[in-house]
Amino acid sequence: MEFLYYFGDVFTPINFGLLLLGTIGGLILGATPGLSPTMAVALLIPFTFQLQAAQGLILLGAAYTSTVAGGAVSAILLKIPGAPANIATTLDGHTMAQKGEGAKALQISFLASAVGGVFGVLLLIFLTPVLAKWALAFGPSHLFWLAILGVTVIGSLDSKSVVKGLLSGCIGLWLATIGFDDIMGAQRFIFHPSLGGGINIIAALIGLFAIPQVITMFAKGRKGDGAEVLKVQKHPISGAFKELFRNKRAMGIGTAVGSVIGLIPGVGGQIAGLVAYDQSKKFSPDRDKFGTGHPEGVIAAESANNAMVGPSLVPLLTLSIPGSPTAAVLLGGLLIHGIFPGTDLFDNHPDVAWTFINSMLIGQILMCIFGLYVAGLAAKVAQVPQSVMAAVVLGLAVFGSYSVQSSMGDVYVMASLGVMMYFLERFGFSAAPLVLGLILGPIAEANFIQGSMIANATDGLAPYFLGGPLNIFLIAVVIASVAYSAYMELRTKRYTSKEEILA
Amino acid sequence: MTTLPRLQHMIGSGIVAAVGIWVTYVSYTQQPSEAFLFPRLISTVFVVLALWTFAKACLGWTKVGGGITATQFKNLVPGLLVALVYIFWAAKGLGFYTATAIAFFILLSLYDPASHKELKTWGKRILITAVFMIVMYGLFAKLLTVYTPREVFF
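Protein chains in written order, with the numbering used here: chain E, 400 to 902; chain C, 85 to 238.
Simulated from the structure, these hints should not be mistaken for laboratory data. Heads up, some of the hints might be wrong.
Said to hold, decoys possible - Residues on chain C that point at chain E, a partial pick, calculated with CB under 7 Å:
1. L133
2. A139
3. F188
4. L191
5. F224
Unchecked claim - Below, a list of computed lysine-lysine pairs in the DSBU-like style, where the Cα atoms sit at most 35 Å apart:
6. E:K478 / C:K204
7. E:K681 / C:K147
8. E:K647 / E:K688
Glycine included, C-beta positions come from ideal geometry on N, C-alpha and C.
Please take these sequences and the hints and turn them into a complete structure.
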């Protein structure tokens, strides 16, 4: 119950102000199609440099939570999911809006998001300290395999092609080795002076997530989205509460599915929403009504995608392994303040850890309250032309990456990686494993070198890295995740569709 | 799969494979070898996966990734060129705020679906650019006190 001790810290004027700012800003950003939660959080990192660690994390955490929920606004009113996590919400939410129940759909979506989100954060609160203590048993070989596991799980589960996902992870791991070697001081792969200090993670994150999105908007040309915001008629909030109570089963399924999926690294909100929607439909006596504007569909999808947020941070805060691209960006936000997740975070910076986690709990409630008021404004923002969005994101990316170290080198790195990532994405590569490789590369290398030294002084390399129950377990999980994904890929025989080519 | 994406996949995966070979070569030839222990480990996996991907592309077995259509390419080239000139030359040469204002206005004009023949739409674009620059100046120069290159104008 240590978290209760730090509960008051969330309510200091500056912390609460940042929480409000992150929540309201996140709701608006989330409603904007093309601005994913990861990209929104990456673009916000430069604004946290001058803040204290806890304050910076409060801002980033609030933005993460509310961008996921805010995506429901454009999913319901425009039939354009604000983020991949809101795809399932579109199925029934937009049909409800077409039937004149837009306000009701938005209300139940925010209420369900809050219930799912609070449950997810409670899981984070109670699981994290236990796992953080357990992480003390991890030696260099285990941490090496954990880092590799982080890359391979996301590489194989998050990508459409296992080989390309793993290759993306390898590219990320290689990029992480650029610069001077920590132990020997040797130069590695420095083919431009701006790479002397290695690749700055924040600049890389901004480039990898923001620039491909900007170029994608360019590729659409001058055509407008043609999306029309549906009119919202007034609906009493008490009616939305009653609807939520009537659909406790969908609520429970969504929350449970989202929480479990959130704990699995690499499986994001999109999967959580779709699986919860599918399971709710299977268990519902009104399964025929799904897809025709049925509130159960919205409740299941939205409770799941927000329930996923808290648990997705468990591997990050306990084992330093980001379970999702957004968690990887949050890790970047921690590292710039010289704080490493895991036991260090809870033993040496409990104020930072618990203020951040508590703020996410309060943030869920604020998100629900403000979501209902900001929805109209957010829907208007969602109609902002892509030309404006592309230019705004490009400007923010340039200023943001420069402000990391006041270095043009970082801007060049950001742009180069971003352009490279756009073309790689067009050929089926994925940004998420590449980012994980870039972030986990130094952790993997440091533990590999440390482990090699221990191994050379004791049993030798193979017994040290391949022996022991924990090593064997981690290696088995790495192999299982790759094998499962390869099997699924072979089974589904995914060929490039005409739609995919035209997208 | 059509011929164009297949050729594109061959070029794309060929470049990745070439990088993989270069990384592997450097990892195994540079000294001190201790500093390249980890790069050797990952570059070996990197090059195997890259060559496998390249071979699949050559055989036409690639299943994912739609490539870039001619229309998409035609659409993105002007914006990409403006962005690259802005980032790699203008931001340093003209100063961040001047270069950003110019690049923002050009991009807005290039991709705005609104008419290019009406004075009103041009006025709107100038207004949006001005508002964006005020916000950026307020955020970065005043709030975050980031000193950006000012150069010729501002």
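- Which numbered hints are broken by the structure, listed smallest first? 2
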